[in-house]
Amino acid sequence: MEYKRILITAALPYANGPVHIGHLAGCFLPADIYARYQRAQKRDVKFVCGSDEHGVPITIRAMKEHITPQDVVDKYHAIIKDSFEQMGISFDIYSRTSSPTHRETSQAFFKKLYDDGVFEERESDQYYDEETNTFLADRYIIGTCPVCSNDNAYGDQCEKCGSTLSSEQLINPRSALSSAPLVKRKTTHWYFPLDKYESWLKEWIVDGKKDSWKPNVYGQCKSWIDSGLHPRAMTRDSSWGVPVPLPGADGKVLYVWFDAPIGYISATKELTNQWSDYWCQDDTKLVHFIGKDNIVFHCIIFPAMLKAHGGFVLPDNVPANEFLNIEGQKVSTSRNWAVWVDEYVKDFPDQQDVLRYVLCSNAPETKDNDFTWKDFQDRTNNELVSVFGNFVNRAFVLMHKLCKGRMPALHADFIDDADRTLIEEIKNAKVKVETCLEGYKFRDGLFEVIDLARKGNKYMQDKQPWITIKSLETNPDSQKLVDNCLHLCLQLTANLAILANPFLPFTAKKMCGMMAVVDRMLQWENAGRMDLLKTNYPLKAPELLFKKIEDTDVAAQIEKLQNNLKQATVNNNMDSNKKEITETEAQPQTVPIQKPEISIDDFMKIDLRVGTILKAEKVEKADKLLKLELDMGNNELRTVVSGIALHFKPEDIIGKQVTVVANLAPRKMKGIESKGMILMAQNNDGKLIFVSPLETADSGSEVR
RNA sequence: GGCGAGGUAGCUCAGUUGGUUAGAGCACAGGAUUCAUAACCCUGAGGUCGGGAGUUCAAAUCUCCUCCUCGCUACCA
19 MEYKRILITA
29 ALPYANGPVH
39 IGHLAGCFLP
49 ADIYARYQRA
59 QKRDVKFVCG
69 SDEHGVPITI
79 RAMKEHITPQ
89 DVVDKYHAII
99 KDSFEQMGIS
109 FDIYSRTSSP
119 THRETSQAFF
129 KKLYDDGVFE
139 ERESDQYYDE
149 ETNTFLADRY
159 IIGTCPVCSN
169 DNAYGDQCEK
179 CGSTLSSEQL
189 INPRSALSSA
199 PLVKRKTTHW
209 YFPLDKYESW
219 LKEWIVDGKK
229 DSWKPNVYGQ
239 CKSWIDSGLH
249 PRAMTRDSSW
259 GVPVPLPGAD
269 GKVLYVWFDA
279 PIGYISATKE
289 LTNQWSDYWC
299 QDDTKLVHFI
309 GKDNIVFHCI
319 IFPAMLKAHG
329 GFVLPDNVPA
339 NEFLNIEGQK
349 VSTSRNWAVW
359 VDEYVKDFPD
369 QQDVLRYVLC
379 SNAPETKDND
389 FTWKDFQDRT
399 NNELVSVFGN
409 FVNRAFVLMH
419 KLCKGRMPAL
429 HADFIDDADR
439 TLIEEIKNAK
449 VKVETCLEGY
459 KFRDGLFEVI
469 DLARKGNKYM
479 QDKQPWITIK
489 SLETNPDSQK
499 LVDNCLHLCL
509 QLTANLAILA
519 NPFLPFTAKK
529 MCGMMAVVDR
539 MLQWENAGRM
549 DLLKTNYPLK
559 APELLFKKIE
569 DTDVAAQIEK
579 LQNNLKQATV
589 NNNMDSNKKE
599 ITETEAQPQT
609 VPIQKPEISI
619 DDFMKIDLRV
629 GTILKAEKVE
639 KADKLLKLEL
649 DMGNNELRTV
659 VSGIALHFKP
669 EDIIGKQVTV
679 VANLAPRKMK
689 GIESKGMILM
699 AQNNDGKLIF
709 VSPLETADSG
719 SEVR
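Remember, our numbering sits 18 above the position in the first sequence when you count from 1.
What the hints contain is simulated information worked out from the structure, not anything from laboratory work.
Incorrect hints may appear among the rest.
Simulated pairs of lysine to aspartate or glutamate, EDC-like, Cα-Cα distance not exceeding 16 Å [claimed, not checked]:
#, residue 1, residue 2
1, K566, E340
2, K459, E340
3, K498, E561
For each label pair, taking beta carbons as the anchor points, the in silico distance ranges come out as [said to hold, decoys possible]:
#, residue 1, residue 2, range
4, Q347, A699, 16 to 24 Å
5, K642, Q580, 17 to 25 Å
6, I624, D670, 24 to 32 Å
Built from N, CA and C at the ideal position, the CB exists for glycine as well.
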């Protein structure tokens, strides 16, 4: 299909902190390269993005810093926006989801679905904080992680041990807002029936995108669809967000993942009155650039929303990248293990293209990749500087020395095979880079650019104009041979500027300055041409395109990382400034909340007994479960299933005495009925310790 | 446990209807050169293609089993 317009989106960064180079490599840089390339092709491109400013973590941060959520997002929106500008990420608009346009757009979107009867209304029990009079989403609920005993686990996930949780599983759930214990109340929400779109999604993605989407994206989608989709709540009880536009829906807002992708639409609206051409015409090519954590939302949920609404184009492709690790470890904002873009720009002024180069050439396109400062140095010094920068520099220096600072002529009767080959290579390079970029293979595309410079170096080496010129007195044609060589090298340089422009825009601009040509030369159609620089045209003095990265720079950055890490672990909860903390670990280390007082009668309801482990075995198909057989005295044997398999080997615990809650209602786990629960103490490091009698007691003795 | 994505030279990656001695860049070694940011150019060494079995005249490529990494997901009363 011939597309008339290309609409490019990059994942909305969350305005709860600055952006790091993982974000850049994951989606913003590839999106920018793609956008710049398409613009150079003179295609009708809109490249939109903005800050995602709603959601729970922002409200929590606001409370901790005693400012409003709006203050939080204003601060980070500014930092993020500036980082992008500094790095040359060329959005046509960088908007934000707290804008009035976005509120209207997302509300209208919701209302349309509501009016069409798309949503299912459901009542459910939710945790309620009576102190602040608010319902709490899972993220608002903090408690002790049942897996690792981290005291500040979220209701949806423990970021310390990575376990996926539900708020029901937390021990001592409390409010993140007030630290108050929670009660349950009924609340109503609107669910989007994803299940009803299952067959459509199957057809659209599983059947339709098999060959065009990247394997990681396609596989993830297929996995979701095949395992069955379920209705998903599209509203939340909160005061921060886009209010649900229905009467009686006070205190309810749109779920961030409902409103955020609509932010792409709102941003386009703010950009142009013709926004609907880009969103509602079939001949628009919509491309979402995201990281792999966003695949499900962009490939399944948002398209289903668009489909339900009707009238919108669907993404043609969603080229998601994997994650970028730093020095062998996963990026962690809480541990401050990251390279922040705003700091890079300060530490390496005027070296944006160097970072762009390294991040693109080592982009996590097919799997998680590792960023190391040593690699940053190697790639910069040995490829970008030595091959690309050096070629341009030597071509210019030689031209000034041997051709008097003017573009030498090409003498047709002296053209040889080597010249013709080089010309051919230049034309091929255009096609190669183009093919890579159209197919979202940015790493390969950049390699082709460097490779062309490499061919230039070889050509020059073979021609040796600095030798040829020495025979000027004996061979009057020498000057013409030198002219031809440098003519071609300089035309090659102009071509390099065009091909490098999407990747290294600052450098391309600098090269235009050196060649004394207007930026318009960088249009893609000019690539492959051998008449970009006019004969006898005076060229400027050469200017080094890149600086080498020194060992000291590398050492300083590594030390900075280590220091950040140390500092983050030490004062994780003090500084309210920026990235040292995240929402989770920023919670002050409070003493676990005491449970409410109970009477002796309450306690007496619990039948605690000593049991002796006779048998222990792993439960099939479960990582964490052990099936225990306990001697409870009086010849009673009991089966208890316990989630301790990660901590103990079955053979090591046989014969141990444990305390058992003997009158707990039975519960089936993995098909095995568990009659009772064994008590464990849990250390701060998550280690489990049996609560057993110090001396051997009779099996079945009562604990009181 | 289920599902998905990866596992190819020291490092980063190519390698789709199975077919000659498995490729590239960087790093490394040797050589050549001096126009150039000690850059460039040439040559070389380096891999039992995670492991095992099978299909085939032929397997990195197909099938089955298995191990490791990452992600999603289930089990924790």
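Tested hints:
no.: 1; hint: K566 to E340; result: violated (29 Å)
no.: 2; hint: K459 to E340; result: holds (14 Å)
no.: 3; hint: K498 to E561; result: violated (26 Å)
no.: 4; hint: Q347 to A699: 16 to 24 Å; result: violated (31 Å)
no.: 5; hint: K642 to Q580: 17 to 25 Å; result: violated (34 Å)
no.: 6; hint: I624 to D670: 24 to 32 Å; result: holds (28 Å)
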